[in-house]
Amino acid sequence: MTPTDIAVIALSVAGIFFAIVAAVGVLRLPDLYTRAHAASKSDTLGAVLSLGAAALAFGAGVPTVKTVLLLVFMFLTNPTAAHAIARAAEDQDIEPWTTDEEGDA
Amino acid sequence: MSSNDRPPYVESTIIMTTVRFVAPFVLTLGLFIMFHGAESAGGGFQGGVVVGTVILMLAFAFGIEAVRAWLNPTAILGLIASGVLVFLAIGFGSVALDGAFLEYHAYEQLGIHHASGYGIELVELGIGAIVTGVIIGLFFVISAGFDPAEGEEEDLL
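So the protein lines, in turn, are chains A and B.
With the working numbering, letter number 91 in the first sequence gets 91, and the count goes up by one each step, no holes.
Throughout, the working numbering is defined as the position within the second sequence, counted from one, plus 105.
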């Protein structure tokens, strides 16, 4: 195995790990804000690591440039989308989940 | 808007900055997908949706009402109409040249090489214009909300 192969496998495994973390977070966390938090951070990292692995596997060439561009835009837009969703939720007066008994829902 | 008691929309610096940066790239990608449709994956429908998304992004960033005021409804309708016209012109143009409907090879006799390539390209652009216009129109019609008490929508776009 060449060092490139090892790097590709390591990046893929890390990407899959963070994607699974994001999926578990979206399923298990209690409300919109915490789910947006899981979906934005972990999912972005998972996607970016996976795309990094793909870019490495493609080697030098046009597909790599496209993958890297995709990676950059993913990195920019995914957190912005999460921010927009959380902002819209706040605008709609959706209360964040707390452990307080009084605000129990 | 259906709920007038809500405070007016306040722009977010984060969203505005991202949209300002990303919008030109998205527009380019949409056109790229449209032009790509003649030879490989892509086409007017997908590209049109991506181009329409640019206006939707602007609406998310700068407020729906502000973008609605900035947009010219006639321009959107003109976009849709011109798309239909381009499609029909290409389609019936070949009929006028003794071909079947959308038979691009009929244009070869005018001395145009790769007529089918250019023909498909123009048809894709026409479809793209229609899809873009419809996506933008639908978005603003839906965002205008529907008041059941009133019975009918106010002004579209």
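Keep in mind that the hints were calculated from the coordinates and are not lab data.
Misleading hints may appear alongside valid ones.
Distance ranges between label pairs, derived from CB positions [claimed, not checked]:
(1) Glu170/B / Ile94/A: 20 to 30 Å
(2) Leu132/B / Ile94/A: 54 to 64 Å
(3) Glu90/A / Gly183/B: 35 to 45 Å
(4) Gln214/B / Ala88/A: 35 to 45 Å
(5) Ala146/B / Phe73/A: 11 to 21 Å
From a predicted model like this one, the values you see are computed outputs, not experimental measurements.
The C-beta atom is built at its ideal place from N, Cα and C for all residues, glycine as well.
Query raised in the report: Hint by hint, which ones does this structure get wrong, listed from lowest number up?
Result: 2 and 4
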